[in-house]
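K.L.:
This is what each chain is made of:
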Amino acid sequence: MTSHGLGHAFLSLLRRDLLLAVRNRGELVNPLLFYVIVATLFPLGVTSDPETLATMAAGVLWIAALLATLLSLDSLFRSDFDDGSLELIMLSPYPSTLLVLAKVVAHWMVTGLPLLLATPLLAVLMAVPDDARATLWLTLALGTPVLSLVGAIGVALTVGLRRGGALLSLLVLPLYVPVLIFGANAVAASAAGLPVTGQLYMLSALLVLALSLAPVAAAAALRISID
Amino acid sequence: MTQAHEAPAQRPAPESLLAAAGLTCFRGDRLLFRDLSLSVNAGQALEVRGPNGCGKTTLLRILCGLTLPEDGTIRWRGRVLRSHDPDYLRELRYIGHSDGVKLALSPRENLAIAVALDSGADEAELEAALACLDLADFMDVPCRTLSAGQRRRVGLARLTLGGARLWLLDEPFTALDRSGIEAVRALIEAHLDGDGCAVLTSHQPINLDAGRSASIDLAS
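Same order as they appear, the protein sequences are chains R and V.
Note that the working numbering has the first sequence beginning at 23, numbered continuously upward.
Note that the working numbering has the second sequence beginning at -19, numbered continuously upward.
No lab work stands behind these hints: they were computed from the structure.
Note that this is a predicted model, so its numbers are computed, not measured.
Built from N, CA and C at the ideal position, the CB exists for glycine as well.
Careful: at least some of the hints might be erroneous.
If the Cβ cut is set under 7 Å, some of the chain V residues that face chain R in the computed set are [what the hints assert, rightly or not]: (1) Leu69; (2) Gly80; (3) Ala194; (4) Asp197; (5) Leu198.
When you get a sec, could you build the whole thing from the sequences and use the hints?
P.N.:
Written out as structure tokens, the structure is:
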């Protein structure tokens, strides 16, 4: 049976990136390892007093998740750029925007999803109050896809540069700040027994915005980078 | 006898598929070419010649739309191309300097994704394309374990799939051994026989039949 069409191209690219991640397991565990190490070092380095920990837990976990994503971003287009696969992707008759989205989805499944799965455990470790645990998980579930999507624009712009690492952080971190503020603030509010719907709506809005605009921007940036 | 010789001349004039006019390209401050025009007919291969650094690769990248020229237009079947023109890209196969081959994947997986991105093909067609380039015994081993020439063959295998009319080949013979070069030459000839057309660069003689190959020299 001949299978073709946009859906098939999207899924094939997604499957390829997941397959590559599984075959290069070292890269797969890096962001997760970073996240877990930062979260476990904090109680050791600062204090093991649960009350003090609880006040900063949300911020620490959010910052660790954000930096873990930032560290993993460079791999998003780097190998495709180096081995010429990116040209194949850009020369596909299907919209580059959606193919780029497939790559970002794969990136999130490889980096964001493991962070989400590890979060309940780390929340206990960091003494996050019971009421706030669900909120922490929910904000990360809404926020990490935004980090991957927005990050994709930065990587797409810097992939052609030899040392784009520092520039990438400078480009992307300011765009991450709103996500961090709303995410960490929602957990703090929830721990204090305040309503958090406002922050969650805001995060959802950021996700929808990033989902609709970031792939377009990233695809256009890639077109410039491979010129 | 004379009639037999004249028969080909009576065929309708070959259809001009790809035509470019007034192409100008700078790389940095350096002018690579100015006001370059070319035309490729169905069944014809255009060989781009010139010394290293004269812009052969850039010309091919311009023709497939990866690089924008400073000036000039490109027409496909008489229609001026837009950027990222899906109808054009569907009929185009571009082989660049890098193969786009993932070392962690097998040739079969590499070809499957390359094909999914443009035309789509079934499993049997994939296997036939790989077998045609002597990769039948290596379909399921990681490309990491293959030689440079075999990786090049994996990259070239997608040429025949999906029936593209235009092949843009940048140094297709790089890293290939004698039998590989012959196999690729046979593929190109079969492609031209089927009224396809090709633009290619090569530092090795291509030896296509006279009459079906034209050349353009960027140095002059």
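K.L.:
Look at each hint and say if it fits the structure.
P.N.:
Hint check results:
1. Leu69: holds, 4 Å
2. Gly80: It holds, given that the least Cβ distance between V:Gly80 and chain R is near 4 Å, below 7 Å.
3. Ala194: Interface hint status for V:Ala194: violated (24 Å vs cutoff 7 Å).
4. Asp197: Violated, about 25 Å.
5. Leu198: violated, 19 Å
Checked against the numbered hints above, the structure violates hints 3, 4 and 5; every other hint is satisfied.
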